[in-house]
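Based on these hints, arrange chain C on the given structure of chain L.
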Amino acid sequence: MKFTIYQESRIGKRRSNQDRIAYCYSRDALLMVVADGMGGHLYGEIAAQIAVQYIAKRFQREAVPTVADIPLFLSRALINAHHAILDYATEKALDDIPRTTIVLCLIQESTAHWAHAGDSRLYLIREGNLKTRTRDHSRVQMMFEQGLISAAAMRTHPDRNRLYSCLGGQDLPRIDFARPMALHHDDLLVLCSDGAWGHLQDHELIALLDRPDLLAAAPLFLDEAELRGAATCDNLSLIALRWHADGEPIQPTTVSTDTLGAQTVTSRLEPFPQPRSAGPATEFSESEIEQAIAEINAAIHKYNP
Amino acid sequence: MPPQANAPLPSGYQLDQYRIDRQLSLGGFSIVYLAYDAQGSAVAIKEYLPNALDLRRDGQIEPVVLAEHEAAFRYGMKCFFEEGRALAKLMHPNLVRVLNFFRANGTVYMVMRFERGRTLHDLIQKHRGALRERFIRGLFIRLLNGLREVHAHKLLHLDIKPSNIYVRTDGTPVLLDFGAARQTAVSGQPALRAMYTPGFASPEQLDRSAPLGPWTDIYSVGASLYACLGGSAPPPASERQRQDSYQPAAAAFAKDHSAQLLETIDWCLQLDPLARPQSVYALQKAMARCEPDQPVPGTLFTDLGAKIKAFIGRS
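Residue numbers (this note's numbering), protein chains in the order written: chain L, 296 to 600; chain C, 26 to 340.
What the hints contain is simulated information worked out from the structure, not anything from laboratory work. Positions of the beta carbon are idealized from the N, C-alpha and C atoms, including for glycine. Mixed in with the good hints, there may be bad ones.
[Claimed, not checked] Facing chain L, according to a computed beta carbon distance under 8 angstroms, are these residues of chain C, among others:
hint	residue
1	106
2	125
3	127
4	151
With the rest of the complex left out, here is chain L (with noise of 0.2 angstroms):
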């Protein structure tokens, strides 16, 4: 397996953090999943890190190196994921159970099988055309499907962030299980939030990011999703793979799997975010305070003969 990934999780202009991403590889398969906890509900971060915690967990147990059946694998980890969320509710007494959306995506035999619960999107683009991508479970989807509003309303619905289906929740949620694809060479799969995707249209998702430097495009692709957003923006998190057919050449970027061992199973998993709140960020080191002294020091007898 050979691919190029790039991963990142932002703010936004939010307090705090409630995406949750991750990816993980063995030899012969990958998983990549992003979690959007619910803002409106309490702990939608927490839903998020459970979900993606959870899957992950699955993912590193099962795909040894693969995973045996996937349709299986991916409604499990789906559906323990929910009740995991459900658990955590009810341990800690909870006013609300926390809410997440959901998309994973694992790749084996290069194959791509996905599924998601609300509107965190998934995206395959091939040669610069969008091949398929997920069909949000929103109320202004529903209502495009229906003919009640054009495409252009649905952006602009005041019901746009309503959505029926999620993990956690009084309700089991309602999962899209996507047809299976057989990935071709220099194929872009792209997992993203709301937040990603909010403000841009498909072609424009597509130009920014199909470019033959994927981690060059990445950052620059949400740095724009970040500038429409502009003040409200909203935590922001992609996941964008480029795939590489099996004896095409690699570049130094590519990650290739053929070296690992059967048993090994590599994961990113971003760290728990801190609230923006939280305070400084940075330390300050003895050797920094004992830097900054000299210089201050040092202007003094420049400016001071």
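Structure of chain C alone, referenced to chain L:
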């Protein structure tokens, strides 16, 4: 100002090469002392000691920083260094002068030249509305020279107000307290929002609606001038943005002051940053442009010192 949480260093305490005499003032993040150096000259020493953290009890010397406050303490120290860095580069008769910067007792100290006089705030309180135009002009023309030097180093003061303008016994001003000063060219916006003084802070400092620049300090200069005339600051910018109850200086003080000074004040106090003088030089030019029947102020300083002494003598 909340009550003093930290005990000051005792009188007679030997701090490095300086002997502490007494506490002069208390700030949110520091205590300022009068001290004497080895040659017996007076200096002002600013000790970094955040008042919000209870760090030093009576009889203690070394502040005790609890583990949970360590990060906040270090962060504040970083800001204290910013002030030192800003001031060390500046040498101007109308700017406070830093002489030394050192570490001791687990905290940091900034040694400054000691100035004799009193703050403009005290003068305004004492002579509520009765400060003479000639005095005000002379003071501010010199102060603006200092501010030009600050801006020339790509720094902004960001906390200009009468209590940060010290008037020496000879009547010349010194701009104090660069605790809010920030490098403008490097960061664009201050990394941390200082506590601003309502009435003297510009609207863009409060809501970041526009980039900060020389025009930001100029708003505060305008507000300080206004306070010299009216005895108090104009309404806070935040309030003015909702409903502007600002009474233009040109209308409020027309009886006692020249139209040209009053128009300049109103110009500085425009809410729109672009509508204000864009540089200190532009402001100085406006202030120096005198009507023919008025004597040129500022240069005629001989009798001013005496006047100030008279003010002080009355106190």
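Hint check: 8 angstroms Cβ-Cβ cutoff, residue 151 of chain C to chain L
violated (34 angstroms)
Take the shortest C-beta to C-beta distance between residue 125 of chain C and chain L; is it under 8 angstroms?
holds (7 angstroms)
When the nearest CB of chain L is found for residue 106 of chain C, is that gap smaller than 8 angstroms?
With Cβ-Cβ at 4 angstroms, under 8 angstroms, it holds.
Is the shortest C-beta separation between residue 127 of chain C and chain L less than 8 angstroms?
Constraint on residue 127 of chain C satisfied, holds at 7 angstroms.
Of the numbered hints listed earlier, the single one contradicted by the structure is hint 4.
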